[in-house]
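2 protein chains.
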Amino acid sequence: MTPSSINRRKFIKTTSAAGLGLSLMSYPSILFGKDDRKVKIALIGLGLRGRDHLSLLLRRNDVEVVAISDIDREALKLSQKMISESGKSAVKEFTGSDTAYLDMLHEKDIDGVVISTPWLWHTRMAVDCMKAGKYAGVEVSAANTLEECWDLVNTHEETGVPVMILENVCYRRDVMAILQMVREGLFGELTHLECGYEHDLREVKFNNGTQPYGGGVEFGDKGFSEASWRTEHSIHRNGDIYPTHGIGPVAEYLNINRGNRFDYLTSTATKAKGLHKYIVDQAGEDHPNAKVNFKLGDIITTVIKTVNGESITVQHDTNSPRPYSLGFRVQGTNGLWMNLNDSIYIEHKSKPHRWESDKAYMEKYDHPLWKKYGKEAESAGHGGMDFFVIHAFVESIKNQAPTPLDAYDAAAWSAITPLSEQSIAGGSEPIFFPDFTRGRWMKRKPVFALDDSY
Amino acid sequence: MTPSSINRRKFIKTTSAAGLGLSLMSYPSILFGKDDRKVKIALIGLGLRGRDHLSLLLRRNDVEVVAISDIDREALKLSQKMISESGKSAVKEFTGSDTAYLDMLHEKDIDGVVISTPWLWHTRMAVDCMKAGKYAGVEVSAANTLEECWDLVNTHEETGVPVMILENVCYRRDVMAILQMVREGLFGELTHLECGYEHDLREVKFNNGTQPYGGGVEFGDKGFSEASWRTEHSIHRNGDIYPTHGIGPVAEYLNINRGNRFDYLTSTATKAKGLHKYIVDQAGEDHPNAKVNFKLGDIITTVIKTVNGESITVQHDTNSPRPYSLGFRVQGTNGLWMNLNDSIYIEHKSKPHRWESDKAYMEKYDHPLWKKYGKEAESAGHGGMDFFVIHAFVESIKNQAPTPLDAYDAAAWSAITPLSEQSIAGGSEPIFFPDFTRGRWMKRKPVFALDDSY
Chain A
1 MTPSSINRRK
11 FIKTTSAAGL
21 GLSLMSYPSI
31 LFGKDDRKVK
41 IALIGLGLRG
51 RDHLSLLLRR
61 NDVEVVAISD
71 IDREALKLSQ
81 KMISESGKSA
91 VKEFTGSDTA
101 YLDMLHEKDI
111 DGVVISTPWL
121 WHTRMAVDCM
131 KAGKYAGVEV
141 SAANTLEECW
151 DLVNTHEETG
161 VPVMILENVC
171 YRRDVMAILQ
181 MVREGLFGEL
191 THLECGYEHD
201 LREVKFNNGT
211 QPYGGGVEFG
221 DKGFSEASWR
231 TEHSIHRNGD
241 IYPTHGIGPV
251 AEYLNINRGN
261 RFDYLTSTAT
271 KAKGLHKYIV
281 DQAGEDHPNA
291 KVNFKLGDII
301 TTVIKTVNGE
311 SITVQHDTNS
321 PRPYSLGFRV
331 QGTNGLWMNL
341 NDSIYIEHKS
351 KPHRWESDKA
361 YMEKYDHPLW
371 KKYGKEAESA
381 GHGGMDFFVI
391 HAFVESIKNQ
401 APTPLDAYDA
411 AAWSAITPLS
421 EQSIAGGSEP
431 IFFPDFTRGR
441 WMKRKPVFAL
451 DDSY
Chain B
455 MTPSSINRRK
465 FIKTTSAAGL
475 GLSLMSYPSI
485 LFGKDDRKVK
495 IALIGLGLRG
505 RDHLSLLLRR
515 NDVEVVAISD
525 IDREALKLSQ
535 KMISESGKSA
545 VKEFTGSDTA
555 YLDMLHEKDI
565 DGVVISTPWL
575 WHTRMAVDCM
585 KAGKYAGVEV
595 SAANTLEECW
605 DLVNTHEETG
615 VPVMILENVC
625 YRRDVMAILQ
635 MVREGLFGEL
645 THLECGYEHD
655 LREVKFNNGT
665 QPYGGGVEFG
675 DKGFSEASWR
685 TEHSIHRNGD
695 IYPTHGIGPV
705 AEYLNINRGN
715 RFDYLTSTAT
725 KAKGLHKYIV
735 DQAGEDHPNA
745 KVNFKLGDII
755 TTVIKTVNGE
765 SITVQHDTNS
775 PRPYSLGFRV
785 QGTNGLWMNL
795 NDSIYIEHKS
805 KPHRWESDKA
815 YMEKYDHPLW
825 KKYGKEAESA
835 GHGGMDFFVI
845 HAFVESIKNQ
855 APTPLDAYDA
865 AAWSAITPLS
875 EQSIAGGSEP
885 IFFPDFTRGR
895 WMKRKPVFAL
905 DDSY
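Going down the list, the sequences are from chains A and B. First residue of the first sequence: 1, per this note's numbering; consecutive thereafter. First residue of the second sequence: 455, per this note's numbering; consecutive thereafter.
Be careful, since some hints might not be right.
Computed cross-link-like contacts, DSSO-like style, restricted to lysine-lysine with a CA-CA straight-line distance of at most 30 angstroms [what the hints assert, rightly or not]:
{"hint": "1", "chain 1": "A", "residue 1": "Lys291", "chain 2": "B", "residue 2": "Lys803"}
{"hint": "2", "chain 1": "A", "residue 1": "Lys271", "chain 2": "B", "residue 2": "Lys897"}
{"hint": "3", "chain 1": "B", "residue 1": "Lys897", "chain 2": "A", "residue 2": "Lys273"}
Listed next, the stretches of chain B that the computed footprint assigns to chain A, with coverage defined by at least 3 CB atoms under 8 angstroms from CB atoms of chain A [what the hints assert, rightly or not]:
{"hint": "4", "segment": "791-801"}
{"hint": "5", "segment": "805-815"}
{"hint": "6", "segment": "851-861"}
Covered by chain A, according to a simulated footprint, are these stretches of chain B (three or more residues, beta-carbon under 8 angstroms) [said to hold, decoys possible]:
{"hint": "7", "segment": "642-648"}
{"hint": "8", "segment": "772-784"}
{"hint": "9", "segment": "880-888"}
{"hint": "10", "segment": "897-908"}
What the hints contain is simulated information worked out from the structure, not anything from laboratory work. Beta carbons are placed, not taken as given, at the ideal position from N, Cα and C, and that holds for glycine.
Using the sequences provided together with the hints, build the complete structure.
Below, the structure is given as structure tokens:
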């Protein structure tokens with residue numbers, strides 16, 4: 001990556017202003033006027049998640065998928081098949097080494113890159129994209145360590161190139177309807193929020209080496225798909241290693257980095273029992289993996305305090321048998337919404353002291369984006385939210401504008417992982433968040449999903 | 455209170471062994487053989503809560519209410535009316551000063567005393583009862599400060615007289631059924647529990663000075679019933695000031711003080727908005743109470759870690775509009791129960807990844823106490839749980855045995871209040887629990903609700 005390889009088109013210089021605190025609102029929405037050319041997207045990582053994104057990109061008339069990179073040739077083959085089946089010609093492949101993607105980033109005719117690789121590659125690839133002048137769309141979490149959080153922010157500010165954390169749950173239909181309710185003041189002044197990633201991942205962390213989910217207790221070299229890389233985080237780390245599906249929506253409700261900020265957190269881990277038990281239950285005490293010492297507590301509970309005085313509980317619960325939930329709670333001085341029982345209570349609207357189904361509220365406050373694109377989104381599969389996150393990424397590029405979720409969001413949300421590890425290691429001691437905006441959170445304005453554009 | 459006034463009957467010397475770590479199980483169930491004499495109960499505090507207890511006591515054939523004490527003569531009058539209506543003769547009254555109850559404790563013919571006074575009187579009255587050789591049954595919370603927690607424990611150990619924290623929720627039907635499920639291992643090894651006191655108390659904290667609930671924004675000298683004393687805790691304290699309805703049941707699930715122990719906690723408070731808003735909404739900015747600065751955060755979130763590696767989330771949420779909930783969650787390596795959606799998930803029993811109604815489980819695991827006394831309990835009002843807590847107190851006296859909830863429970867549960875205040879004041883710093891058992895938690899065995907006796 002030489003300086004000369006950095007794309008120095010006008011938009012890059014202009015968007016660097018975004019790094020200095022200007023909001024989307026103060027930003028010309030389209031710098032170059034209407035532009036009919038297609039947005040040229042490349043992808044790094046074509047596993048199950050990468051191919052989800054590929055599928056969405058191939059459906060769009062305003063996108064041209066121009067290149068793909070993965071070390072897994074089978075994944076590339078399956079991707080080319082999808083491309084061909086969508087009526088398009090094969091695209092250039094970059095493979096053969098862990099750094100083959102860098103050669104792809106040298107290509108001039110790429111506007112943005114979607115990164116869906118194992119966690120430890122996210123930040124370095126996003127940083128390389130920005131340095132190459134390409135919009136970076138990076139899967140969650142965006143960073144593994146505090147240093148990586150800063151890498152995202154500093155590279156964004158140095159290059160002026162946007163990086164978007166592809167947090168799809170921010171676009172979930174109910175989550176966006178609640179955002180409308182929050183913005184209209186239905187809950188009053190917010191006080192306490194809850195969220196989490198409560199998902200039994202035992203069949204993701206372990207499989208038989210040939211199928212992605214379950215059927216065995218293998219992981220690492222003997223595992224397939226996510227089990228080949230994700231499980232090691234449960235062995236070596238004790239913290240909330242996957243915070244963004246919960247905290248992303250909550251951060252939008254609370255205008256984090258835009259008038260508000262995470263101040264500090266405490267984290268508490270339970271004992272680690274679930275993964276060992278699963279191995280023993282499935283394969284017996286004598287299976288070599290029954291000797292593995294998993295460090296990740298079964299349930300991690302993190303409590304964040306914001307500088308504006310709200311508290312947020314974030315849970316990580318992936319090693320136990322349980323139904324899926326993101327456990328949202330949104331509470332303010334006028335009432336609250338609970339995700340678990342799909343119920344809401346609003347003073348003077350709901351019957352006193354009685355829960356009310358949230359159904360009518362969800363319909364009434366349906367977000368303009370969902371009203372406009374809901375049909376298209378749902379037909380694209382995955383409940384629709386993936387459509388919107390890719391839509392936002394593509395539209396941001398098309399408009400040569402900042403992305404609605406940005407480097408500061410990526411850093412602040414992903415920072416929960418290393419900070420929670422530090423808190424747990426220190427007996428739940430409070431740990432302060434770095435201010436990734438370097439004070440500019442005081443002036444930055446909300447930009448996420450303000451209308452029906454993206 | 456002179457040493458000579460202490461009742462030195464044999465049972466007192468024997469029960470002092472309980473203070474030395476002997477459990478109910480190792481204890482002769484009836485020291486004096488069958489005894490047909492009635493248990494003689496006195497009451498201190500005859501407000502709304504005290505009269506609830508009086509009503510239950512008057513229904514019992516094995517109890518004689520022998521004396522009542524309150525500074526409020528109207529409360530005594532209403533109580534005597536209840537006594538008379540139950541077909542009994544008027545009882546001795548002790549009134550006229552804050553310490554009139556001490557004269558009552560000098561009476562020889564009292565076996566136990568039920569204390570239902572404002573919080574700041576709980577510990578000193580319970581201590582005085584124990585010193586007078588009378589079983590103390592004290593309403594929740596049992597103590598306001600750490601020193602008071604130690605007062606309960608030390609006085610119990612010095613006198614050998616039992617003190618029971620009258621935590622009725624330990625006896626709620628669903629709570630006891632869950633206890634049976636926990637004991638039978640349905641949830642596997644427990645890992646994470648949640649509970650709380652989520653109760654919109656704004657109409658308890660404020661009233662018009664003549665009715666107990668609402669109708670105005672007065673408190674303190676101008677308030678009536680609980681508003682006259684409870685509200686001041688919301689002005690001066692920032693912590694979980696009412697933890698026991700949630701933590702009591704959870705402590706039984708986790709065998710706290712009996713093989714397990716609270717290790718440390720962190721607490722986080724939101725901003726304090728609800729009470730001020732309520733005053734302004736009801737009475738306008740110009741009402742003098744609109745100037746009151748409430749210190750109590752609207753939502754207090756406490757996370758406790760136990761020495762056996764479980765975590766417990768405890769919430770205090772009394773200043774905001776919301777439906778009532780104690781927010782129980784009981785989770786282990788085999789599954790979990792959630793109170794909010796009345797649902798359960800047990801691996802290999804429930805359909806994979808799907809919540810199941812807890813109804814059939816509640817029926818199947820109905821506690822023997824409820825099977826035996828359920829009808830009687832429910833006809834006594836208050837959902838039945840008050841019946842059982844009074845039943846246990848009376849039966850403990852009848853059997854001259856330790857109470858199933860004891861001084862160590864009262865201390866450990868009530869300690870959450872001062873410890874959470876300290877944590878919040880220190881920016882959510884972790885605070886260790888004192889070991890009120892002085893190490894004997896390692897040997898003490900569970901005693902709560904082991905069968906259908908009490």
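Notebook entry, point to check: Which numbered conditions among the earlier hints are violated in the structure presented, ordered from lowest to highest?
Noted result: 6, 10
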